[in-house]
Amino acid sequence: MDDQIDGRTLEGGYVCTDRSGEFRWQPGSLTQAVQNGFWIVFEDLNKAPSDVHSILLPLLEGADSFKTGHGE
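The sequence shown: position 52 = 52 (the UniProt record's numbering), numbered continuously.
Derived by calculation from the structure, the hints in this document are not laboratory data. The beta carbon of each residue, even a glycine, is placed where N, CA and C say it ideally should be. Be aware that one or more of the hints could be misleading.
In silico SDA-like pairs for lysine to any residue, Cα to Cα no more than 25 Å straight-line [unchecked claim]: (1) LYS47 / THR9; (2) LYS47 / LEU57; (3) LYS47 / THR31; (4) LYS47 / VAL34; (5) LYS47 / ILE5; (6) LYS47 / ALA63; (7) LYS47 / LEU59; (8) LYS47 / ARG8; (9) LYS47 / GLY62; (10) LYS47 / GLY12; (11) LYS47 / ALA33; (12) LYS47 / GLN32; (13) LYS47 / GLY13; (14) LYS47 / CYS16; (15) LYS47 / GLU61; (16) LYS47 / PRO58; (17) LYS47 / ASP6; (18) LYS47 / SER29; (19) LYS47 / GLY28; (20) LYS47 / PRO27; (21) LYS47 / LEU60.
Restraint ranges, calculated between C-beta atoms of paired labels, are given here [said to hold, decoys possible]: (22) LEU59 / GLY13: 14 to 20 Å; (23) ASP18 / ASN46: 37 to 43 Å; (24) GLN4 / GLN26: 38 to 44 Å; (25) LYS47 / THR17: 31 to 37 Å; (26) GLN4 / TRP25: 18 to 24 Å; (27) ARG8 / ALA63: 15 to 21 Å.
Please put together the full structure from these sequences, using the hints given.
As structure tokens, this is what we get:
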């Protein structure tokens, strides 16, 4: 993991659709893993930016879910 990974990449975000002015939620890799009960492996977590640490900390402390900016 390096500074190329950010919280939005892990959580997800809104992306444009083909229709003008319309957006849809695109879950990130961590969101998909948590929702589906998958494992996810991080290497060099100490190199990750602080927003990534803020997202991962509750999960590392035993939480079984997390809140995204999407409200789920």
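We went through each hint and held it up to the structure:
no., hint, result
1, LYS47 / THR9, "holds, 15 Å"
2, LYS47 / LEU57, "holds, 15 Å"
3, LYS47 / THR31, "holds, 21 Å"
4, LYS47 / VAL34, "holds, 22 Å"
5, LYS47 / ILE5, "holds, 10 Å"
6, LYS47 / ALA63, "holds, 23 Å"
7, LYS47 / LEU59, "holds, 18 Å"
8, LYS47 / ARG8, "holds, 17 Å"
9, LYS47 / GLY62, "holds, 22 Å"
10, LYS47 / GLY12, "holds, 20 Å"
11, LYS47 / ALA33, "holds, 21 Å"
12, LYS47 / GLN32, "holds, 23 Å"
13, LYS47 / GLY13, "holds, 23 Å"
14, LYS47 / CYS16, "violated, 31 Å"
15, LYS47 / GLU61, "holds, 19 Å"
16, LYS47 / PRO58, "holds, 18 Å"
17, LYS47 / ASP6, "holds, 11 Å"
18, LYS47 / SER29, "holds, 18 Å"
19, LYS47 / GLY28, "holds, 19 Å"
20, LYS47 / PRO27, "holds, 23 Å"
21, LYS47 / LEU60, "holds, 16 Å"
22, LEU59 / GLY13: 14 to 20 Å, "holds, 19 Å"
23, ASP18 / ASN46: 37 to 43 Å, "holds, 41 Å"
24, GLN4 / GLN26: 38 to 44 Å, "violated, 18 Å"
25, LYS47 / THR17: 31 to 37 Å, "holds, 34 Å"
26, GLN4 / TRP25: 18 to 24 Å, "holds, 22 Å"
27, ARG8 / ALA63: 15 to 21 Å, "holds, 20 Å"
In terms of the numbered hints stated before, the structure departs from hints 14, 24, listed from lowest to highest.
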